[in-house]
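Whenever a hint applies, use it, and build me the whole structure from the sequences.
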Amino acid sequence: MESLTMESFREIPAGGKPVKRIYVALMLWFVGRAIQAAARVDQAVREEFAALPDEFTFSLGVLPRGPAMIVGKDEEGRVRYRGWRPAGQRIDLRMKIKNLEGALLMFTFQESTAVATARNRLIVDGEVPAACAIVRILDRVEVYLLPKIIAKLAVKRYPDWPWEEKIGNRIRIYAGAILGCR
Amino acid sequence: MFQSAHTFVFCSPAKVLSGNRALENLPVELAGMDACRPLILTTAGLAARGMERIMAAAFADSQLTVGFFAGVPPCPDRELVRALYGLYRDRGHDSLIALGGGPVLTVAKALNIAVSGEPEDLEAAAAGTLESKELRPLTAIPNLDLSGYEMTRYADLASLSLTAPTAIPRLLVLDHRTVPAEDRKTTAAGALLVLTQAVEALLHPGRNHLTDAYAYGATRFIMENLRMVIKNPSDRRRRLALANAAFFAQTAFDNLCGGKIFCLGMAISRRCAISPGLIMGLLIPHGLLMEMDREETPGKDLFLAVGGAEDYALTGEGIGIRKTVDRFVELLLELQSLIPDYPRSIRDIGLKKSDLEELPGAADEITGRGTLDLSEVRYLLDKAWETRF
Amino acid sequence: MYLPGYYEYSCRVKIVAGHDALEGIPALLRHVGARRPLLVTDKGVAGAGLMEIVREAMGDRLEIGAVADDVPPDSDLKVVNRLAALYRENGCDAMIAVGGGSVMDTAKGINIVVSERADDLMKFSGAGALKRPLKPLIAVPTTAGTGSEVTLVAVIKDHERHLKMAFVSFFLLPDAAVLDSRMTMSLPAPITAATGMDALTHAVEAYYCLSKNPLSDVTALSAIGLINGNLLKVVRNPSDREGRLAMANAATLAGMAFSNSMVGMVHTLGHATGSVCGVPHGVCMAILLPFGLEYNRHKRDAVMGELLFPIGGPGIYGQTAPEDRTNRVIAYVRQLNEDLHEATEGRHARFFGEVKDREGNPAVPRERLPDIARTALGDGSIFYNPEDLDYDDLLMVLEAAWEGMPLDTGRIRKG
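Residue numbers (my numbering), protein chains in the order written: chain D, 1 to 182; chain G, 1 to 389; chain S, 1 to 415.
Quick caveat, the hints were computed from the structure, so don't treat them as lab data. Warning: the hint list may mix true and false statements.
Said to hold, decoys possible - Derived SDA-like pairs: lysine to any residue, alpha-carbon spacing no greater than 20 Å straight-line:
1) Lys156/D x Met165/S
2) Lys156/D x Lys78/S
3) Lys123/S x Ile91/D
4) Lys17/D x Arg53/G
5) Lys78/S x Met165/S
6) Lys78/S x Asn90/S
7) Lys20/D x Lys133/G
8) Lys152/D x His298/S
9) Lys43/S x Met185/S
10) Lys152/D x Leu395/S
11) Lys152/D x Ser239/S
12) Lys17/D x Ala56/G
13) Lys156/D x Lys123/S
14) Lys133/G x Lys14/S
15) Lys17/D x Lys133/G
Note that this is a predicted model, so its numbers are computed, not measured.
Here is the structure:
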């Protein structure tokens with residue numbers, strides 16, 4: 001019996017999903033830098049950050065071992081993208097996506113932030129009011145980054161912004177995300 | 001609205017994850033139960049259908065190594081549990097994942113009892129006296145090839161029948177990748193088994209709001225989805241609805257017990273090589289007609305479950321069981337037309353008239369039974385014998 | 001029946017319900033290996049003689065370790081730490097919590113401290129802080145109700161630092177919820193009405209908010225049917241035992257529904273109103289429920305229409321065209337508030353302008369509505385509401401709820 005048992009037994013080593021990881025890492029990097037840029041050009045995003053405590057820092061990442069993005073306010077209150085390594089940073093709010101596939105569903109816009117939350121894809125570790133503010137910021141940034149047809153799937157209510165303002169800010173945010181902000 | 005006359009107890013210990021990418025949540029759920037080295041148990045048949053690759057994908061990026069045993073036979077015995085006990089301990093596993101139907105869950109429950117305490121605990125479980133300490137985490141990943149006992153406290157090894165509420169899996173994962181399309185007969189058999197458990201729960205004298213709620217959900221999902229799944233097995237959403245129904249019905253069943261249709265169907269199935277669900281399908285109409293003669297019949301609630309809110313609302317008072325029976329017979333006839341070798345009668349499945357004497361007694365030995373009135377069982381059997389659909 | 005693309009559901013609390021359910025408590029504790037419970041309650045419950053009933057029902061089959069009957073109306077961090085010390089000093093090995101939401105939350109808080117052998121609850125806030133099962137906890141609700149006997153949340157206030165901490169963990173769930181008609185027989189009419197509407201709101205919001213799933217649906221429908229058949233009855237006739245048991249069951253069913261399916265705008269605004277103006281939770285729920293339906297109906301019309309079946313009954317449901325059903329549901333809820341107002345001789349408030357505090361003064365001054373709207377923006381339930389909510393939306397609903405006027409549907413911004 002024992003040899004029969006061993007014949008039918010195998011160990012499945014931990015594998016990897018390198019392509020998906022790279023995609024999610026890129027998206028997180030871009031969104032992090034876009035939030036940094038949006039805080040410069042969009043008043044509502046600036047106000048949401050201003051209402052958060054001094055040097056407030058949050059991370060959005062994937063369990064168990066990343067990728068992640070960290071964004072926080074510096075001593076002067078400016079919003080800065082702080083890279084992808086949470087180690088060593090003081091983080092007030094951690095939003096953790098439970099697994100890579102969940103992150104992929106969010107970043108391919110098959111599940112909006114609202115749907116992802118409703119489907120328990122995220123663990124929020126920190127103050128809930130701050131999490132509400134961050135989700136509102138993410139929603140606004142998504143409206144800037146995505147064409148309307150996709151953004152409408154990503155947010156509950158597509159906002160009615162003046163066209164020139166939206167396009168102008170969109171260009172500035174893309175430029176800021178790609179080129180970086182000072 | 002119905003209210004139980006006596007104090008009732010209800011418990012459903014399982015957490016259920018159902019839907020898109022449900023399997024990928026396994027690592028984080030196991031971590032929440034303090035486990036990181038699961039042993040997956042399944043059958044050679046399921047492994048051949050690609051389950052190893054699916055589970056590997058679910059655990060990729062988790063940094064966890066998992067064990068995969070694909071040798072569970074159709075009738076597992078204690079020997080296998082003994083061998084797996086050694087494997088589990090030697091390889092340092094800390095949790096179990098049962099990927100499959102009845103036999104896999106049976107082995108997994110027995111093994112979990114043994115590894116969480118001592119192998120001798122199996123004796124206590126057979127006597128129904130196992131201590132109520134929580135066992136190591138057991139995850140169930142069943143499909144549509146159902147035994148009816150997967151998410152219950154029962155496990156029937158070849159020589160040992162276990163009853164242990166703590167053995168009920170703590171986590172249930174339903175994902176279309178592990179609920180593959182089955183052939184029509186298997187799908188129908190599973191669904192009719194589920195319907196039997198749900199319907200008998202709605203008729204049970206000890207029913208309560210919770211068993212009613214679960215049984216209602218199970219019945220609605222079957223009635224709304226079975227026909228479509230049989231005609232179009234590639235419909236993932238509907239297959240999952242049937243898998244959900246199985247869990248709901250088994251939960252109601254576990255909190256009450258098996259009735260005469262369930263127990264007789266099981267007993268007959270053991271005498272001939274026909275799935276119990278198909279036989280139960282032939283018994284249900286008669287079982288329901290028997291209920292019509294009772295004074296206190298919960299016919300209204302049953303028709304609400306079988307017919308749905310719209311139909312129920314548009315039908316007048318005094319509908320009772322008759323309309324429900326009509327719906328069942330419609331369903332049965334449709335299934336028989338879609339499945340050419342579905343027996344039309346229990347006379348056609350190799351039973352002899354002499355078997356009729358022994359069957360009520362055999363029904364009274366089925367796992368999960370309540371107190372059966374054997375004369376009622378005999379009456380049901382006789383009626384079914386006389387009928388050809 | 002609706003099956004979402006993905007859902008999760010769990011409620012592993014053992015439910016024991018009946019006219020003599022209390023008598024089962026000793027066996028429940030023995031089953032989990034406990035022998036010396038700490039009884040936790042508040043002065044109101046003790047004063048109503050409910051603790052006596054519990055102790056008598058348990059008889060001498062159980063040795064009581066200690067009794068704590070001074071839990072304040074608002075759960076408090078210092079009380080949690082003090083009662084944890086009482087638990088340890090008396091060699092207790094389990095808890096029986098007899099009371100409403102605050103007693104339940106306090107007991108859950110105590111459980112964290114004694115199980116983790118800590119001295120300070122604060123160390124365990126944060127997701128994933130609890131990793132192991134806690135000590136046995138039996139919940140005996142005395143309202144019908146908050147549903148806290150089946151939720152995995154405990155809210156504890158730190159009154160010194162003006163903080164509200166929410167602890168969320170699977171391990172916080174009680175081992176059993178004991179629903180006994182004797183526990184709510186003496187509940188005064190206004191509280192019966194408010195807690196009943198709390199249960200109704202849980203069930204209704206669970207049915208139409210974003211985490212809707214089959215098990216939360218069936219439990220919600222069951223709860224709504226029971227409330228429809230029994231809430232007014234027990235407000236008018238408090239000693240209706242069957243009615244009281246039905247409401248107790250309804251509240252637990254509603255608790256199972258919303259703890260898995262979450263809630264939305266009604267709770268978003270209700271929590272904020274409670275926080276800013278001290279209005280009891282059930283009162284806020286009753287007033288805001290019709291607005292939750294009105295605000296979200298353009299996104300959830302079909303689903304809301306289904307609620308007419310348990311709320312109005314099969315006859316009304318069958319006679320009402322599908323496109324009119326939601327209107328009738330909203331009308332039923334408003335009518336229920338009116339009927340409860342009458343049955344409680346005016347004490348059940350129908351709109352915020354009518355709510356009075358203990359001294360008889362208006363509890364919700366109109367000038368505070370902007371504060372409430374701002375506070376509401378930070379409530380987690382906002383995620384689960386079908387339609388988006390910003391400050392202006394929240395204020396619009398609050399204004400209407402203050403006056404008791406239906407929402408102007410033209411002003412709802414639809415996503």
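Structure-based check of all given hints:
Proposed proximity of Lys156/D and Met165/S is contradicted: the alpha carbons are some 28 Å apart, above 20 Å. For a cut-off of 20 Å, the pair hint linking Lys156/D to Lys78/S is broken: about 41 Å separates their Cα positions. Simply put, Lys123/S and Ile91/D have alpha-carbon atoms about 17 Å apart, close enough for the 20 Å limit, and the pair holds. Simply put, Lys17/D and Arg53/G have alpha-carbon atoms about 13 Å apart, close enough for the 20 Å limit, and the pair holds.
Distance restraint check for Lys78/S and Met165/S: the Cα-Cα separation of roughly 13 Å lies within the 20 Å cut-off, and the hinted pair is therefore satisfied. Under the criterion of a C-alpha separation no larger than 20 Å, the hint pairing Lys78/S with Asn90/S is consistent with the structure, at around 19 Å. This hinted pair does not check out: Lys20/D and Lys133/G have alpha carbons roughly 41 Å apart, beyond 20 Å. Simply put, Lys152/D and His298/S have alpha-carbon atoms about 16 Å apart, close enough for the 20 Å limit, and the pair holds.
Simply put, Lys43/S and Met185/S have alpha-carbon atoms about 17 Å apart, close enough for the 20 Å limit, and the pair holds. Proposed proximity of Lys152/D and Leu395/S is contradicted: the alpha carbons are some 25 Å apart, above 20 Å. Simply put, Lys152/D and Ser239/S have alpha-carbon atoms about 53 Å apart, too far for the 20 Å limit, and the pair is violated. Distance check on the hinted pair: Lys17/D and Ala56/G sit about 11 Å apart at the alpha-carbon level, within 20 Å; holds.
For the given pair, Lys156/D sits about 36 Å from Lys123/S by alpha-carbon distance, which is inconsistent with the 20 Å threshold. With a CA separation close to 15 Å, the supplied pair Lys133/G and Lys14/S stays within the 20 Å bound. A threshold of 20 Å between alpha carbons decides the hint, and for Lys17/D with Lys133/G the separation of about 39 Å lies outside it, so the pair is violated.
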